[in-house]
Amino acid sequence: MGYVAGVDVGSTQTKAVILDEKRHVVARAVVDTGSNVARAADRVIEAALAQGSLSPSQLSYVVGTGYGRFRVGVGQEQITEISCHAKGIAHVNPAVRTVIDIGGQDAKAIRLGEDGAVADFVMNDKCAAGTGRFLANAAEVLQLGLDEIGPRSLNAARPVRLSTVCTVFVESDILSHLARGRTVENILAGVHRAVATRVVALARRVGIEPIVALTGGVARNIGMVEALEAQLNVRLFVASDAHFMGALGAALFAWERAQGRAFAVKDQ
Amino acid sequence: MVSEVPNTYQGAMHARQKDLMQDYQQALARSAAGDGPPAVYLLVSGNPVELIHAFGLLPVFPEIQALQRAVRHESLPLIQEAEARGYSTDNCAYVKTDIGAWYRYSRSPSPTVPPPGLLLANYVGCQVYWQWWEQLEDFSHAPLYLLDVPFSRSRDGLPTPDDIAYVVRQLRELIPILERLSGRRYDPDRLRQVLQLSRETEELWSRIKWLAARDPAPFDAYFDAATLMAPLYVLRGTAAGRDYFQTVWTELEARQKAGQGPLERENFRLVIDGPPPWPYLRAFRDMFARWGAVFVASTYSGVGGLWEFGFRHQPDDPLTTLATHMLTWNVPNQNLRQRYDLLSRYLREWHGEGLVIHAVKSCRLFSSGHGDMREYFAKTLKVPTLLIESDLADPRYFSPAQMRTRIDAFMESLISSRLGRDAIS
Numbered sequence: 001m002g003y004v005a006g007v008d009v010g011s012t013q014t015k016a017v018i019l020d021e022k023r024h025v026v027a028r029a030v031v032d033t034g035s036n037v038a039r040a041a042d043r044v045i046e047a048a049l050a051q052g053s054l055s056p057s058q059l060s061y062v063v064g065t066g067y068g069r070f071r072v073g074v075g076q077e078q079i080t081e082i083s084c085h086a087k088g089i090a091h092v093n094p095a096v097r098t099v100i101d102i103g104g105q106d107a108k109a110i111r112l113g114e115d116g117a118v119a120d121f122v123m124n125d126k127c128a129a130g131t132g133r134f135l136a137n138a139a140e141v142l143q144l145g146l147d148e149i150g151p152r153s154l155n156a157a158r159p160v161r162l163s164t165v166c167t168v169f170v171e172s173d174i175l176s177h178l179a180r181g182r183t184v185e186n187i188l189a190g191v192h193r194a195v196a197t198r199v200v201a202l203a204r205r206v207g208i209e210p211i212v213a214l215t216g217g218v219a220r221n222i223g224m225v226e227a228l229e230a231q232l233n234v235r236l237f238v239a240s241d242a243h244f245m246g247a248l249g250a251a252l253f254a255w256e257r258a259q260g261r262a263f264a265v266k267d268q
Numbered sequence: 001m002v003s004e005v006p007n008t009y010q011g012a013m014h015a016r017q018k019d020l021m022q023d024y025q026q027a028l029a030r031s032a033a034g035d036g037p038p039a040v041y042l043l044v045s046g047n048p049v050e051l052i053h054a055f056g057l058l059p060v061f062p063e064i065q066a067l068q069r070a071v072r073h074e075s076l077p078l079i080q081e082a083e084a085r086g087y088s089t090d091n092c093a094y095v096k097t098d099i100g101a102w103y104r105y106s107r108s109p110s111p112t113v114p115p116p117g118l119l120l121a122n123y124v125g126c127q128v129y130w131q132w133w134e135q136l137e138d139f140s141h142a143p144l145y146l147l148d149v150p151f152s153r154s155r156d157g158l159p160t161p162d163d164i165a166y167v168v169r170q171l172r173e174l175i176p177i178l179e180r181l182s183g184r185r186y187d188p189d190r191l192r193q194v195l196q197l198s199r200e201t202e203e204l205w206s207r208i209k210w211l212a213a214r215d216p217a218p219f220d221a222y223f224d225a226a227t228l229m230a231p232l233y234v235l236r237g238t239a240a241g242r243d244y245f246q247t248v249w250t251e252l253e254a255r256q257k258a259g260q261g262p263l264e265r266e267n268f269r270l271v272i273d274g275p276p277p278w279p280y281l282r283a284f285r286d287m288f289a290r291w292g293a294v295f296v297a298s299t300y301s302g303v304g305g306l307w308e309f310g311f312r313h314q315p316d317d318p319l320t321t322l323a324t325h326m327l328t329w330n331v332p333n334q335n336l337r338q339r340y341d342l343l344s345r346y347l348r349e350w351h352g353e354g355l356v357i358h359a360v361k362s363c364r365l366f367s368s369g370h371g372d373m374r375e376y377f378a379k380t381l382k383v384p385t386l387l388i389e390s391d392l393a394d395p396r397y398f399s400p401a402q403m404r405t406r407i408d409a410f411m412e413s414l415i416s417s418r419l420g421r422d423a424i425s
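Chains as they are written, first to last, in the numbering used here: chain A, 1 to 268; chain B, 1 to 425.
No lab work stands behind these hints, which were simulated from the structure alone.
One thing to keep in mind: the hints can contain errors.
Sample of chain A residues with no beta-carbon within 12 angstroms of chain B, all distances over it, derived [unchecked claim]:
| id | residue |
| --- | --- |
| 1 | VAL141 |
| 2 | LEU178 |
| 3 | ALA258 |
Partner residues are not named here, just some residues of chain B that face chain A (Cβ under 7 angstroms, in silico) [claimed, not checked]:
| id | residue |
| --- | --- |
| 4 | SER182 |
| 5 | ASP408 |
| 6 | ALA409 |
| 7 | SER417 |
Every residue, glycine too, gets a C-beta built ideally from N, C-alpha and C.
Modelling step: build the complete structure from the supplied sequences, incorporating the hints.
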């Protein structure tokens with residue numbers, strides 16, 4: 001059957017995972033999505049193929065996921081990121097029952113059934129509060145890199161309390177704390193707490209059942225992991241490739257299709 | 001990937017509806033031109049349209065006018081007109097569509113709709129609605145009658161004798177106003193005849209709704225039922241209305257027996273709470289149709305009246321029966337516990353596999369409590385439940401990509417749980 005791929009076109013980054021016949025990850029790649037969504041999907045596939053020293057003809061099935069899933073030119077099928085994150089995490093750790101996924105523009109909580117299938121899910125509304133965008137804006141105001149804010153937040157002695165979780169108003173909130181002489185670390189800890197509060201409220205709507213996994217790009221932020229753990233009072237399961245979970249799930253669906261296992265209701 | 005084609009069934013019922021609604025529009029246009037009976041503006045919720053017909057007056061439902069504008073993509077400029085005059089962005093989009101239209105046309109909301117001879121605020125569960133009617137009073141100088149219908153608050157949801165007496169007394173007060181407007185004396189026998197026709201229509205409508213409990217459902221009890229609501233509210237109590245629903249019943253029953261539904265194939269049977277997003281009606285329908293999902297029951301189709309559980313107008317006691325309908329037998333005047341019971345019955349007796357809750361920004365009455373409703377059905381009753389949000393008339397609150405992701409994920413989860421059950425068995 002050859003190889004299969006999953007492409008997760010997110011608002012900030014586009015990820016691809018290629019699996020072999022035994023469902024081993026043979027290549028993965030990530031590119032910035034940018035303004036040309038279709039091009040990002042093409043580029044990430046090219047990068048993943050190059051990494052695995054494969055040619056396009058060796059891919060027998062490709063599934064697209066993420067908000068740009070309909071723009072994956074080589075994709076034979078589109079499956080939502082909710083199903084794909086669930087699929088990916090259930091493969092990596094079948095004991096996970098709750099998935100919190102924080103991406104660039106959205107946050108979602110997914111409850112998994114015993115069989116690893118999606119039992120319930122909720123997503124944030126048309127508001128970027130509690131998403132990666134909120135953290136990115138905060139980093140920008142403080143003139144820090146996204147990879148710096150998490151570790152620095154852990155050094156806070158007295159985290160500030162932000163008056164808003166609004167991604168637009170966070171800037172003036174941060175500036176006012178700076179004006180009052182609060183340290184960058186204390187402000188960053190407040191920023192992470194604010195996101196965690198919002199995300200935990202979302203997760204409570206599906207019911208938080210251990211093991212709880214964190215996926216999506218924000219899972220790479222240690223400050224966010226700790227802020228969530230503090231509020232949930234549980235240890236989070238964070239896979240080493242947590243931000244590839246959607247692409248991995250899409251690739252696993254692609255593998256099932258290549259095996260002739262259909263998802264579509266018509267074929268049941 | 002599933003991709004069901006919605007069938008484009010057009011039968012005698014559709015042709016007849018077109019004619020009837022055209023006749024009604026023409027009657028409105030004639031009245032607007034000064035030739036015809038005066039218009040009574042009333043609200044859909046538990047409407048007493050029978051009383052209007054008994055006096056030979058013309059019923060006008062501004063909510064229906066507003067939703068028709070939304071379907072035709074005409075609502076946004078009118079909403080913005082109202083907002084420019086100071087109406088809040090949080091205000092109901094039906095109200096703003098209508099108010100914007102009044103600002104545009106000044107004498108009435110449209111050159112082909114007559115100004116009101118009477119503003120009958122027959123539903124007071126929504127405070128924004130009274131204020132809407134007060135604004136219309138200000139525009140039109142027509143008399144306003146606020147019919148205070150107490151909200152359902154007893155444990156069993158049934159009205160108390162005092163509630164009924166209170167509403168009947170107001171209906172008695174209303175009668176001389178209708179006499180003056182129509183120039184006709186109140187004739188209880190005439191009202192009984194109208195109620196008898198209503199009763200026959202209600203019997204047919206109830207049977208039609210129960211058809212959707214069968215497998216397959218011969219029509220979509222949300223999208224198709226919504227198109228039947230205009231004749232149900234405007235023509236209930238007339239012979240033309242009764243005959244029309246006879247046609248609908250005959251046709252849909254035949255389709256059901258032939259195994260024909262609104263889609264090529266019925267893969268999923270769902271129940272839905274909340275009004276449709278009118279400006280995106282087609283797109284919204286397609287998001288479900290492509291999965292082969294049919295709504296077998298909806299609370300929205302019970303806004304004007306709930307007849308599928310046995311209530312019928314009783315011609316013997318005209319005013320009491322009108323009061324009972326307004327107090328109890330319509331979805332908006334029922335309490336949240338009754339709504340839960342109603343949805344549970346729809347899921348059970350209409351064989352729904354999942355529940356979709358469509359919260360709308362415009363209507364707090366319909367949408368407040370939707371978060372709790374989701375919890376109750378998803379966690380307590382373990383029914384797959386999807387909560388989505390947009391608006392009934394304001395297109396700015398409908399985000400197609402986000403809506404589709406949520407609906408697709410929900411349908412995927414229904415499939416996964418079916419596959420899981422199969423794997424277990």
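How the hints compare with the structure:
Consistency note on VAL141 of chain A: stated as away from chain B, and its beta-carbon is indeed over 12 angstroms from all of that chain's, at 27 angstroms minimum. Taking the minimum C-beta to C-beta distance to chain B, about 32 angstroms, the non-interface status of LEU178 of chain A holds against the 12 angstroms cut. The non-interface label for ALA258 of chain A is consistent with chain B: the shortest C-beta to C-beta separation is roughly 15 angstroms, beyond 12 angstroms. Look at SER182 of chain B: its Cβ only gets to about 49 angstroms from chain A, farther than 7 angstroms, so that hint breaks.
Annotation: interface hint on ASP408 of chain B holds; nearest CB of chain A at approximately 5 angstroms, less than 7 angstroms. A hinted interface residue such as ALA409 of chain B counts as satisfied when its beta carbon comes closer than 7 angstroms to some beta carbon of chain A; here the least separation is about 4 angstroms, so the hint holds. For SER417 of chain B, the shortest C-beta to C-beta distance to chain A is roughly 6 angstroms, which falls under 7 angstroms, so the interface hint holds.
Of the hints listed earlier, the one the structure fails to meet is number 4.
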